[in-house]
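*Asks:* Each residue of the sequence shown is one higher than the one before, starting from -5 at the first, in this note's numbering.
It should be emphasised that the hints constitute simulated quantities derived from the structure, not laboratory data. Here the structure is a predicted model, which means the values were calculated and not measured.
Derived CB-CB ranges, DEER-like: (1) PRO88 - SER161: 45 to 51 Å; (2) LEU30 - PHE6: 36 to 42 Å; (3) GLY162 - ALA101: 49 to 55 Å.
All residues carry an ideal CB built from backbone N, CA and C; glycine is no exception.
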Amino acid sequence: MSVAVAFTVGLFNIGGEGQLIWGALAAAVAGRALDLPAPLLVPAALIAAAVAGAAWGFIPGVLKMYRGVHEVISTILLNWIAIHLVHGWLVAGPLAARGSGSSVSMAGTDPIRAAAWLPRPIPGSRLDLGLPVALACAAAVWFLLTRMWLGFEWRAVGAGAVAAQASGIATRLRVCQAMALSGALSGLAGGLLVLGTEHRYPGVFRTGYGFDGIAVALIGGATAPGVVAAGFVFGAVRAGATRLQLVGIHPSFAELIQGIAVLLVAAPRLFAPLLIRLRALSRAPGAPP
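All chains should be modelled from the sequences, with the hints used to inform the complete structure.
*Replies:* Dropping the structure here:
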């Protein structure tokens, strides 16, 4: 949904990985530092994750609207800045887990409090409340984009920024808002990973989910129902990749399937303008039959 929200205003957010990293770190710090009961600690940690991701996503929006920096360039660079700042310094230094003394015992943060763990409704399974939270976020984004005036203005900006501005829409503000929400969703995803699976920020946290989100958004048509459906398909393919080795198939075969799916979805959009141009040339006066 993060990439889909950015698509709404006509931007391509490739910075989901960096926003996810900051969200995961914020959730790990909040889940460790805050001494609150579980009903308060879990929402507080998730809010911290969303705020951290929103702040990181807001930066490329501002750079795009006020300095003319293309969002693809800025988000790629911000990904690497986040990776090196967090992995190369924060979780290996100031925020690293400490032993009995003051020395660093391991890369990564201290474990979060048990009260911050996401509950698992089915004992013995890895399914936690992260799935309902993600579905609720998708429903909220769908309602925002299709039923609220703010969503209409975002879509108007994406359809034509010049026309939207001429009609009185504050295009700069709307783009920055959309990019902040896009980053917040990525940050929230990182928070759900920490609270539900990792229970700390590990030394290396390159999940690739931020880049998978681009493919999911493309396949889902940048709509909430489509993204949810594509997300389940991608999740099933990724989960089955580890079992492919049992039948002698390399696990990277799952990535091949994902790549083919993206190619099949993107190909019509890539070649449609060319086909339209060729058809127009064939119908031009004097063209051979």
